[in-house]
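*Asks:* In the order they appear, the protein sequences are chains A and B. Read in order, the letters of the first sequence are residues 1 to 189 in the numbering used here. Read in order, the letters of the second sequence are residues 1 to 292 in the numbering used here.
Derived by calculation from the structure, the hints in this document are not laboratory data. Fair warning: this is a prediction, and the values are worked out from it, not measured in the lab. Just so it is clear, CB atoms sit at the ideal spot from N, CA and C, and this is done for glycine as well. Check each hint, because a few of them may be wrong.
[Unchecked claim] Below, simulated PhoX-like cross-link-like pairs (lysine-lysine); rule was C-alpha separation at most 25 Å, straight line:
(1) Lys139(A) with Lys231(B)
(2) Lys97(A) with Lys139(A)
(3) Lys151(B) with Lys106(A)
(4) Lys164(B) with Lys184(B)
(5) Lys122(B) with Lys139(A)
(6) Lys141(A) with Lys184(B)
(7) Lys186(A) with Lys125(A)
(8) Lys139(A) with Lys184(B)
(9) Lys86(A) with Lys38(A)
[Said to hold, decoys possible] Just a few of them, taken from the derived set where beta-carbon distance is under 7 Å, the chain A residues facing chain B:
(10) Pro5
(11) Ser14
(12) Asp55
(13) Ser63
(14) Pro113
(15) Tyr126
(16) Asp134
(17) Gly137
(18) Arg178
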Amino acid sequence: MENYPFSENSINSSIAFRSLVNATSYPGRTFQINKLNKPSVLSNAAATILITLCDNESNVYLSKEYNTEEVRNWLIFNTGAIISNKKNADFVIGTWKSLLPLNEFKIGVPEYPERSATLIIEETKYKKVKCNIDGPGIKNKLNIDLPNPELFIENNNLYPLGLDFYFTNDLEILSIPRSTKINIIKSEH
Amino acid sequence: MNEMSKNENLDIQIYNFAYLDENTKRMIRRALLKALCIPGYQVPFSSREMPMPYGWGTGGIQVTSACLIPKDILKVIDQGADDTTNAVSIRKFFQKTANVAVTEKTSDASLIQTRHRIPETKLKEKQILVYQVPIPEPLRFLEPRETETRKMHALSEYGLMYVKLYEDIAKHGHIETAYAYPVKTNGNYVTDPSPIPKFDNPKMNNSPAIQLFGAGREQRIYAIPPYTNVKSLDFEDYPFEAMKANFKCSICGSSDSYLDEIIVSDDGKRSYICSDTDYCKEQTKLNSKKED
Ligand SMILES: [Zn+2]
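Sequences and hints are given; from them, build the entire structure.
*Replies:* Written out as structure tokens, the structure reads:
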């Protein structure tokens, strides 16, 4: 009775998903992801999001750096996901610059706001602007650095429609859902 | 068991952790994350057959199954009590299918599945409260058509809801609704808090914990993230009041917890006790310490 032989996959995916629940619930805070077998170009965190959430109904857009045979094969073999264009993508993966402009991604429709893209932003080599964020999941206003904060402000203005973001870096994940309000802190020079 | 596979070398059966298969969990998990991104909005999902009938919390069970991890400590309550048939059978189900630890203590639990109550003990960050929801649509009694209620939510057309509440005031001098009292989540969607007493509504507001809602028969999932504004609908001249019976618990003496009325003798004598059995035990312990 004591130790049921649970499949390793189902245990690992449960632990990964719980990190995603925490990250999505507490925007702007960093949460840890475990290592997994994945293509070298993908971070552990980004690979975890894809493998935990995607199935054969998921459209995934891979930006140029990530659209390699290795990534495509890994994703299709493990999830059955469909490699798609920007317009139809449910999940999007790329560096910040490679995904701009954001206006091609789907933001949902008033009756079904959840039919929107989830963007996974890899790497942190973007111009950072100091911001102050507030909204659901944020206890006290939080200071974080964001690329092009004006785009996140525009996204929040679409609420309850909009895009949901995860920033991934090696084993770390941080979320900025559409509900997060952004204030730009004036740079000091 | 659902979807079990065989490990041929060892000839043992490999089970899916927490019952549901991985494909179902992926679908539920996507719905849950979108629900957290759009507080109070009802995300449709394809509810699965569970080994218990609707009305037994199959929506909550599916949400719990999708969220549970091996190191969770699970608490299950029904009307505030851990020992009712419904709570016991759900707890046993997850002990068997996920081998997780269980507790009756709110403060020790990492995931709490509930029917009809929010624990009295203040919840903490990263605790997950999963609500079993029979009717997720707060506008259902005004408008039975799903296409219409969807439009009303999309346009924030909640005038009818206020009219209904105001009619109550005109008729009874106060708002009659005592359970499933509607709330507005993050200033946007009107949301059904499940059939909790309105006494519990203020606990939903700005809670550090993660609140997830599952409706199995109606196939809806919704969420209230932590630190989210949750406001019970009211009027300037008739502000919302989270009232309770003006009595003390006859076991622990608490006057600030939600009480159940019980008949204590054959001649119909009444008494009041905490609906939250864990809270009542904790208060009783505190009292005996004070006396020592
Ligand atoms: Zn008591």
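*Asks:* For every hint, state whether the structure bears it out.
*Replies:* Hint check results:
A C-alpha spacing of about 17 Å is found between lysine 139(A) and lysine 231(B), which places the hinted pair at or below 25 Å, so the restraint holds. The hinted pair formed by lysine 97(A) and lysine 139(A) fails the criterion: a straight-line CA distance of about 30 Å is larger than 25 Å. Among the hinted pairs, lysine 151(B) with lysine 106(A) is consistent with the structure: their alpha-carbon atoms are about 20 Å apart, no more than 25 Å. Taken as a hint, the lysine 164(B) and lysine 184(B) pair is honoured in the structure, with Cα atoms around 16 Å apart against an allowance of 25 Å.
Taking the CA atoms of lysine 122(B) and lysine 139(A), the gap is near 16 Å; set against the 25 Å cutoff, the hint holds. Of the supplied pair hints, the one linking lysine 141(A) and lysine 184(B) holds, its CA atoms being roughly 22 Å apart against a limit of 25 Å. For the given pair, lysine 186(A) sits about 21 Å from lysine 125(A) by alpha-carbon distance, which is consistent with the 25 Å threshold. In summary, the hint linking lysine 139(A) to lysine 184(B) is supported, as the alpha carbons are separated by about 19 Å, within the 25 Å threshold.
Pair hint lysine 86(A) plus lysine 38(A) holds up; C-alpha atoms about 23 Å apart against a cutoff of 25 Å. Checking proline 5(A) against chain B: minimum C-beta separation of about 5 Å stays under 7 Å; hint holds. Interface hint status for serine 14(A): upheld, as the beta-carbon distance to the closest one in chain B is roughly 5 Å, under 7 Å. Checking aspartate 55(A) against chain B: minimum C-beta separation of about 5 Å stays under 7 Å; hint holds.
Annotation: interface hint on serine 63(A) violated; nearest CB of chain B at approximately 21 Å, more than 7 Å. For the restraint placing proline 113(A) at the interface with chain B, the shortest Cβ-Cβ distance is roughly 5 Å, inside the 7 Å limit, so the hint holds. Residue-level restraint check for tyrosine 126(A) is violated (minimum Cβ-Cβ distance to chain B is 22 Å; threshold 7 Å). Hint on aspartate 134(A) is violated. Least Cβ distance to chain B is approximately 10 Å, over the 7 Å limit.
Interface hint at glycine 137(A): satisfied, since its Cβ lies 4 Å from the closest Cβ of chain B, which is below the 7 Å cut-off. For the restraint placing arginine 178(A) at the interface with chain B, the shortest Cβ-Cβ distance is roughly 6 Å, inside the 7 Å limit, so the hint holds.
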